[in-house]
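Residue numbers (numbering that gives the first Met the number 0), protein chains in the order written: chain G, 0 to 506; chain Z, 0 to 305.
Take these hints with a grain of salt, some might be off.
Said to hold, decoys possible - With a straight-line cut-off of 25 Å between C-alpha atoms, the simulated DSS-like cross-links for lysine-lysine are:
1) Z/LYS291 - G/LYS370
2) G/LYS410 - G/LYS441
3) G/LYS310 - G/LYS324
4) Z/LYS214 - G/LYS462
5) Z/LYS26 - G/LYS459
Stated by the list, open to error - Residues of chain G placed beyond 10 Å of chain Z at every Cβ, according to the derived structure:
6) VAL188
7) GLY332
8) THR390
9) GLU460
By construction, these hints were calculated from the structure, which means they are not laboratory data. Each residue gets a CB set at the ideal place from its N, CA and C atoms; glycine is no exception.
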Amino acid sequence: MYSKVSSVVLRGIDAEEISVETDVAFGFPTFSIVGLPDTAIRESKERVRTAIVNSGFSFPAMRVTVNLSPAGVRKEGTHFDLPIALCILKSSGISAAAGIEEFVFIGELALDGRINRINGVLPMISGMLECGMKKFVIPEGNRSEGAMVENAEIYCAATLNDAVRFAMSGVGLERVEFCAADFEDTDDVPDFADVSGQEQAKRALQIAASAMHNVLMTGSPGSGKSMLAKRMPGIMPPLLYEEALEVTKIYSASGLLGEGRPMITKRPFRSPDHTVTPTALIGGGLRARAGEVSLAHTGVLFLDEIAEFSKQSREALRIPLENEKVTISRISGSITLPCSFLAVAAMNPCPCGYLGDTDRECTCTAAEIHKYNRRLSGPFLDRIDMCVTLTSPGYDEIREHKSGISTAEMKAAVMTAREMQTHRYRNSSIKYNSQMSTEQIKEYCRLDEAGDRLLRRAYKELKLSVRSYDRILKVARTIADMDGRNEIATGDVAEAVQYRCGRDIFG
Amino acid sequence: MSNSEIDSRGGKINSGSMLSGVVEIKKNSSSYSSLLRETGRDAPETLYCIGDISLLNRRSAAVVGARKASQYGRWAAFNIGRKLAGHGIVTVSGLAYGCDSEAHKGALSVNGRTIAVLGSGPDVCYPKRNRAIYDSILENGGLIVSEHEPGIIPLPAYFAQRNRIISGLSILTVVTEAGIASGSLITAERAADQGRTVMAVPYNMSSINGIGCNKLIQDGAGIVAGIADILEELGITQHDDDEIDLSGLSPEEKRLLNLVRADGEISLNYAAARTGRKISEINAAAALLEIKGFIVTSLGKLYIAK
């Protein structure tokens with residue numbers, strides 16, 4: 000007898016509907032699964048057979064054929080156990096309740112009939128919602144993940160028995176209530192007030208956070224580069240629901256969610272080590288996993304010791320920085336993941352790290368320093384809007400200074416700037432000043448006569464490049480936005496000049 | 000190390016055909032620098048020159064210092080080179096990175112004439128990155144000098160040897176920055192052996208970059224308390240050519256400039272703390288001062304440019 004149940008397959012963070020079809024027929028008892036299953040699905044035969052028996056049902060001693068359709072799509076994951084088991088029971092005579100074909104079943108079976116938690120439930124559900132499927136049965140262990148999705152009818156099943164009872168009667172499982180996550184809570188992000196001094200760098204990071212300007216910090220070891228970068232998520236606006244959903248989908252598909260962390264509610268902060276491979280950074284591998292750039296989506300990607308990254312890794316960053324998405328091509332097809340992040344790069348001023356330090360002597364030669372700084376040339380630096388140098392803490396410590404500006408104080412201006420940008424770009428495809436094209440710079444970064452004269456003079460005297468000219472305008476736009484002003488003042492331009500890139504660190 | 004050995008290691012990269020513009024001057028020629036000839040065994044038999052060889056017998060002063068120079072050392076070299084050129088003195092240096100480059104650049108900034116003594120053949124620009132300075136020296140009627148034949152590529156030992164020519168060509172030698180084991184100290188030592196005046200720019204006790212200079216002063220070198228001291232040593236009275244015009248500056252900018260002047264170098268963070276102004280205002284004022292040429296920023300600190 001033939002029967003059918005719906006399930007889903009994940010490709011990156013996109014979902015595709017899969018029909019699980021079963022036919023149980025007279026003949027020599029066999030159990031075969033067809034339709035491009037991967038090893039995990041082929042092994043599900045044993046789990047399904049044992050779980051069915053241990054749940055008190057009998058496994059049909061007949062010819063059992065399971066097809067995963069469309070048969071041409073490669074399928075992976077253990078979550079087909081539940082739909083396969085239900086389908087087999089349906090085929091062997093269990094009467095299903097009306098309307099059960101509208102449900103998508105997701106779940107991995109344990110040998111005793113329990114349903115185990117799986118990865119990727121969130122992108123599966125939200126992908127199916129887009130396809131018009133609204134009803135789901137998911138593992139009990141994924142309950143909190145399911146609770147994040149609005150406008151879906153989701154039920155959680157703890158055992159195969161529960162699921163079968165539900166499939167037969169349409170009742171018996173509790174519906175998951177939608178529960179909005181708290182996006183405001185950033186308590187565990189450290190506060191900028193902990194960093195004494197370095198007001199110049201803090202200001203740079205504040206501007207960067209206001210319009211997602213990528214920023215490069217240069218400074219001796221111990222000057223506080225990592226300390227400052229770690230505090231970045233705290234001054235960024237809370238995640239929007241849509242953003243959180245998108246990030247959580249990536250984390251869910253990568254298996255980085257747990258029962259204790261069903262949803263990503265804070266902007267991610269990722270800091271890959273400098274030994275990271277291009278694949279780990281961008282994404283890829285046999286099963287096409289998300290890379291650090293995608294895991295940092297909507298948040299901060301901190302590239303500490305950027306000069307020590309391999310050339311391949313640095314080059315690989317170009318496309319994600321440019322396109323804000325990555326496409327990973329594999330033999331089974333290609334997947335596209337979003338990666339709109341704020342890059343905070345940090346490096347030492349020279350190979351030994353102590354050039355310009357007041358306490359330690361730099362042991363590098365002039366040529367070594369030149370070569371070191373040249374590592375960051377060209378395409379990567381082109382995507383960096385702002386550069387800032389941190390002075391060694393000892394330098395400022397010996398002179399008294401006030402206690403530092405706090406995260407809360409810094410965030411206020413960021414929020415003002417974000418509002419200004421939301422309003423300005425409401426009819427545009429971009430969201431932040433850092434994304435402006437040359438035409439948009441012309442339209443939105445008009446300078447008054449004094450500002451224009453200043454920038455022209457800076458261009459000549461400080462030997463700016465055309466690119467850095469545009470970047471200064473973008474940053475000046477942001478500085479004015481932080482103050483809630485539509486006009487860019489001369490002072491804004493002057494301050495933006497101070498954060499220009501491409502300064503010869505050692506001439 | 001014998002000369003033949005050097006030749007075999009250094010080698011020649013071209014011979015004869017591409018030597019246009021290179022002039023050979025023998026020790027007994029009247030064009031040969033008389034100051035250098037006086038040094039006796041320090042004077043090479045032949046000088047290979049490109050440019051205006053009359054500079055060999057003009058009044059000249061050597062300005063040398065560390066390659067990996069601090070902003071202060073570079074400031075000093077640039078301004079000494081500029082001031083000397085402004086008073087018709089030829090600046091002699093070694094075309095190396097850092098202080099040497101700045102000394103040449105300072106002289107060139109007022110279209111002054113300057114001599115670069117190379118550790119390679121006169122037609123081989125080393126370091127390559129200083130090509131622009133090399134070309135500019137010749138364009139401004141300067142001179143490139145070497146004891147090596149055209150085409151010789153440099154060896155480490157050549158640089159220490161050429162220092163005796165730098166000091167030998169000059170009435171006095173100024174060291175703008177030297178660490179404890181700096182090559183500039185070799186130049187100073189040779190200058191002293193040659194009976195020439197040595198002067199050094201003083202540094203903070205705490206400055207690692209400047210210990211060599213302070214030691215030179217301790218050992219009897221003249222102290223450069225102001226650039227005018229060098230001119231005085233050369234017997235020239237300074238004409239006030241560059242009174243700094245502060246009229247175009249806002250009160251904010253003047254305040255910051257005075258702060259930088261007081262300390263010589265300050266960080267932006269310190270400037271904000273001292274003035275009690277917002278960091279954004281300090282940023283803007285610093286950028287304006289930099290555009291106007293009063294200060295330079297390097298490694299997060301502000302330095303005086305004029």
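Each hint tested on the structure:
1. Z/LYS291 - G/LYS370: Since the Cα atoms of Z/LYS291 and G/LYS370 sit roughly 30 Å apart, the hinted pair is violated (cutoff 25 Å).
2. G/LYS410 - G/LYS441: Status violated; Cα separation ~28 Å.
3. G/LYS310 - G/LYS324: holds, 21 Å
4. Z/LYS214 - G/LYS462: Roughly 38 Å between the alpha carbons, so the hint for Z/LYS214 and G/LYS462 is violated.
5. Z/LYS26 - G/LYS459: violated, 47 Å
6. VAL188: holds, 22 Å
7. GLY332: holds, 49 Å
8. THR390: Non-interface label on G/THR390 violated, nearest chain Z Cβ at 4 Å vs cutoff 10 Å.
9. GLU460: Non-interface label fails for G/GLU460: nearest chain Z Cβ at 5 Å, not farther than 10 Å.
In summary, the numbered hints that this structure violates are 1, 2, 4, 5, 8, 9.
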